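*Asks:* Letter by letter, the chains look like this.
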Amino acid sequence: MKTAFKLAYRNLIGAGLRTWLNVIVLSFSFVVIIWLKGILMGWDYQAKSDMTNWEIGGGQYWHESYDPYDPFTLAESHSIIPQQFSDEIEQGDMVPVLMVQGTIYPQGRMQSITIKGIDPDQDLFLLPTHQLDTATDAVPAIIGAAMAESLQLDRSDHVTLRWRDARGTFDATDIVITDIFSSNVPSVEAAQVYIPLAILREMTMMQGEATLLTFRDPEAERPAVQGWVHKPKEVLTASVDRMIKTKTAGQSVFYTILLLLAMLAIFDTQVLSIFRRQKEIGTYIALGYTRREVVGLFTVEGAMHSIFAAVVGALYGLPFLAWQAEVGWTIPMDAGDFGMAMAQTLYPVYSAGLVISTVLIVVVITTVVSYWPSRKIAKMNPTEALRGRIQ
Amino acid sequence: MENSAIIKINDLVKSFPMGKTHFTALRDINLTIGRGEFTGLVGPSGSGKTTLLNIVGSLDTPTSGEAWVLDHSVGRLSARQSAQLRKEELGFIFQSYNLLVVHTVYENVEFPLLLLKIGAPERKKMVMDALEWVGLTDKVRSKPPQLSGGECQRVAIARAMVKKPSLVLADEPTANLDAANSHHILKTMVNLNRELNTTFLFATHDEKVIKYLRRKIYLLDGKIDKISEQEQT
Ligand SMILES: Nc1ncnc2c1ncn2[C@@H]1O[C@H](COP(=O)(O)OP(=O)(O)O)[C@@H](O)[C@H]1O
Ligand SMILES: [Mg+2]
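Protein chains in written order, with the working numbering: chain A, 1 to 391; chain B, 392 to 624.
Please keep in mind that the hints were generated in silico from the structure rather than gathered at the bench.
One thing to keep in mind: the hints can contain errors.
[Claimed, not checked] Pair by pair, the computed Cβ-Cβ distance ranges are:
{"hint": "1", "chain 1": "A", "residue 1": "R18", "chain 2": "B", "residue 2": "D569", "range": "31 to 39 Å"}
{"hint": "2", "chain 1": "A", "residue 1": "A325", "chain 2": "B", "residue 2": "D529", "range": "50 to 58 Å"}
{"hint": "3", "chain 1": "B", "residue 1": "R471", "chain 2": "A", "residue 2": "A15", "range": "26 to 34 Å"}
{"hint": "4", "chain 1": "B", "residue 1": "D529", "chain 2": "A", "residue 2": "E326", "range": "50 to 58 Å"}
{"hint": "5", "chain 1": "B", "residue 1": "A470", "chain 2": "A", "residue 2": "L272", "range": "21 to 29 Å"}
{"hint": "6", "chain 1": "A", "residue 1": "E384", "chain 2": "B", "residue 2": "P512", "range": "37 to 45 Å"}
{"hint": "7", "chain 1": "B", "residue 1": "H574", "chain 2": "A", "residue 2": "A15", "range": "32 to 40 Å"}
{"hint": "8", "chain 1": "B", "residue 1": "L507", "chain 2": "A", "residue 2": "A325", "range": "44 to 52 Å"}
{"hint": "9", "chain 1": "B", "residue 1": "L507", "chain 2": "A", "residue 2": "K247", "range": "49 to 57 Å"}
{"hint": "10", "chain 1": "A", "residue 1": "F5", "chain 2": "B", "residue 2": "E620", "range": "49 to 57 Å"}
All figures in this text were calculated on a predicted structure; none of them were measured in a lab.
A virtual CB, placed ideally from N, CA and C, is assigned to each residue, including glycine.
Isolated chain B (complex conformation) (with noise of 0.2 Å):
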């Protein structure tokens, strides 16, 4: 059982300017994800999962409340510590995989490790390990128009995963993936959540995904509805 917090949010809200008035995108959101969690956002479309996984990516910011992630608060860090809490902790994956299509898979995969200067000799170990993971070492070559939709989120899997960061925030990873797919990605992250003990916090709706978290936490119109048990496997 986990013990130390890796995400602790408290009495968060997200509102959007509209127009002359606000939207609230998210309410009174008290959270605690502890380290190793296999856990997600679950909810309809439009209760707010994508949010509330941006502000724990520290791509936008809390309007009040805190978030803390890896003991920052995300809404009090400058442009340049937040870039660096993602360079060094986070990896995202995404639904429509982001990749850089004109780079190849190798490259794709080596992108964080040149942001975080490591030398080339590692550098290419590393992305290889990842690309192991995944199942990917015979496509390095390759560039993203020419893999399958499974096959590209794979190489996203490997590039959040390269650099062994401690948190991965997944963002309807399964949404453009068929069933034996989405089964396949789903493994691999369960495999390397509990090999590395990485953290995983998705956003979802799909009941695949669904069904392979330890813990659901349920939104609804940009509130917590419930949250279930820690399941063990």
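Chain A extracted, bound-state conformation (with noise of 0.2 Å):
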């Protein structure tokens, strides 16, 4: 075998350009395959780390009505906090949120929209929360990016907002816009208007009710809740790790299809070098190969190719790669319409794994490609080859 390694080593390094035509196609795959892998796992890494950072923290518990995807069931979604939970509201470990349905009227135009009780001293999510803590002459306000673009809102306008309260009494108010936040997350910020908890429930007399509970560590014990719906961190990201998978089957297709061509190559190489090597072949069992031992040295010799892309693949592969996970890609369309916790540029994340897998599957297609025409030599007649005559 050692010697086979060396032997299709040199007859590789002296068969010249073919060879290190064919090495840099596959080499081109191995890095293409790690830098797509490496940006669905950043995507993943981002999304759900964005997901924790502006909407769901380490978990939620829901009231028991609340349906994320019925804006009517709203009305319902609302009771008073569990007495278990005091503590971690208190310490800043547990942000209570209170919804509630109302509309806006930005510049005669009308928009429904869910209302947003919040702490404006929480610091469990990034929204910019302490701008709901100033003076103004109407109900302080923040809301996304998205959504003030496409209403037209700045930052100081004032809005009128249209609500019900608990007993199904329609009011009304002045909003102020005091921040605009991006974040990546559609979900926190599409329709949607964030304003102080103490100032929604007085608006609407929900004194200590809230919709949904977002707390901080994922580990820690609680009680199981009447009313409340645990939400762990695991189910609140399926929504990602599902977009990941759909993704994944998508980039498969075209890691065949790029792997089918350098396979392509290696097996027109495999069966040219079968038929022009003839006396080649025939030379080696004069000299006391086997059949069997040249058919294995065909496919080391093919297989080789890929330890050959690994190491040139590695040689501009790794300083591009590197520098990717640096300035990360950024996607020429909108992140935004994906409607998914998708930023703009992702960094691609590489893993162990992932490099070492990538390797592992092409190393061995590429011996079972290789492989597969030197059979041939198996079946040749020693005498014939030495002649050069089969056909």
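Put the complex together from the two separate chains, hints included.
*Replies:* This is how it looks when you write it as structure tokens:
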């Protein structure tokens, strides 16, 4: 086997340009696959950490009637916060949010929104809620950049807000935009207005009530509470996992095409080798190889392309991949349109497992593709091979 | 005078399938070649020289009869056993040199020793010795395309001789060489035959080679026509 590697190495280096063409095509597959997978891993990481920072913390309790896909449930989705959580809320490790349906009227237009009442002093979310702690003539409110843009709202703009209180009576007041934030998380921005929790409770006469409770520590033991549903972080990020899975499947088609091209080049080289190097094959046999050993030699030779490709790929791939991890990849379209927690610039994340599994898979596939045509050597007649007469 | 036989052929027949019938390339071959001989199969093109040489070299098998080479019956060896025989005991020299063109002269000569798994320091010494025999120590780093035909054939001789095989089979070794080069390589082989007592079996119709043979086995249409007397040198 060692001899086969030595000979295969000499043969490949000796074959010159053809070897390097194959190696470059193959190394390109390595780098692109690792990069694309790295982007997906980076996206997964970014989406989950953005969701954690902006929306779900370490997990949530939902009011049992709350359904994020049905705004009409909001009228029922509120109740007094269970006593058991007072300490955590006191310490700022749990943030209650009260959600109420409402309407705003920017420049004479009408827009249904969700009013979210939140403690201005919270530091669990990156939301700039401290901007709600300002004394103004109207109710201070913060909104997301996407909505600000679509409604052409700006800082210190005043807008009329209408809502229904606990008894179903309509009321209206003025709000003033004290800050606009952007978050990469569409579900915290779209059609939502954040105002101080105390004010919203007063407006709706829902003292001590909330719709959602978000906690910081995912590990802490908490009692089961009546009327509230525990939503662990994994459940809340399941949509990200699903999306990454779908994207992975989509990418696989691309890898397959890329590898197919590389493998076609290797296969072609092997077929041509076996045809053109008959005399050499005969010579190996005359010098004491069995035909099966020659099959082995040619297989090692073909498979070695992938080893070379890993080395060459590392030469230009490592700097490229490192540079990408540094500057990220800016998506050439509006990331907000994805409807997912997706940043405009994704930073690929690579793991040792990713690199090793990619290299292993490519080496195995290359070996199979090299072996397949080489099997023909086992059926060659050595004397005819020596004469170079096999068709 | 040699007494132990290195090759013994009994009633050998070789035929090749040709469409629905057979073409008989060798028939009624009976032949004994002793250790240390410098012998040749001589005959016109198509007389069966290469076919017989290939059988002796265990690259092919007899259709009937037996070919004993170093006490092995060629037709009865497994693929592994016949490869073993070639690897350990036989050296081949071909008309078209059959060097590995992308390997250096050194690597070409080293090849049989790699197959025999000989250790690096000893291997190096053996390669340099073999290159010395053929006078190519100054070309170790060259590759075959940079060499003349004569030089290529000398590399091939070094490759065949490096492991000091018992038997060297040379099929038309001078066919691509001019007179001066032909004489040069034949003298080299005569010397090696004398110094290492290696048996040489040629296949040739080249007068320049025939002159050097100490015994000639004349083939005609796949049959032994006559065998000359052993000459003393
Ligand atoms: N594999 C084969 N199939 C059919 N005929 C063959 C084969 N090998 C050799 N022959 C025939 O056998 C005869 C002897 O060939 P060969 O041994 O090559 O002759 P020589 O080496 O003396 O020129 C030729 O007629 C040749 O065409
Ligand atoms: Mg011939």
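*Asks:* All hints, please: hold or fail.
*Replies:* Against the structure, the hints come out as follows:
1. A:R18 x B:D569: 31 to 39 Å: Given range 31 to 39 Å: holds, Cβ gap about 34 Å.
2. A:A325 x B:D529: 50 to 58 Å: Holds, at about 53 Å.
3. B:R471 x A:A15: 26 to 34 Å: holds (29 Å)
4. B:D529 x A:E326: 50 to 58 Å: Holds - the Cβ-Cβ distance for D529 of chain B and E326 of chain A, about 54 Å, lies within 50 to 58 Å.
5. B:A470 x A:L272: 21 to 29 Å: This hint holds: roughly 26 Å between Cβ atoms.
6. A:E384 x B:P512: 37 to 45 Å: holds (39 Å)
7. B:H574 x A:A15: 32 to 40 Å: For H574 of chain B and A15 of chain A the Cβ distance comes to about 36 Å; the hint holds.
8. B:L507 x A:A325: 44 to 52 Å: Taking Cβ atoms as reference, L507 of chain B and A325 of chain A lie about 50 Å apart, which means the hint holds.
9. B:L507 x A:K247: 49 to 57 Å: holds (55 Å)
10. A:F5 x B:E620: 49 to 57 Å: holds (51 Å)
In summary, the structure agrees with every hint in the numbered list given earlier.
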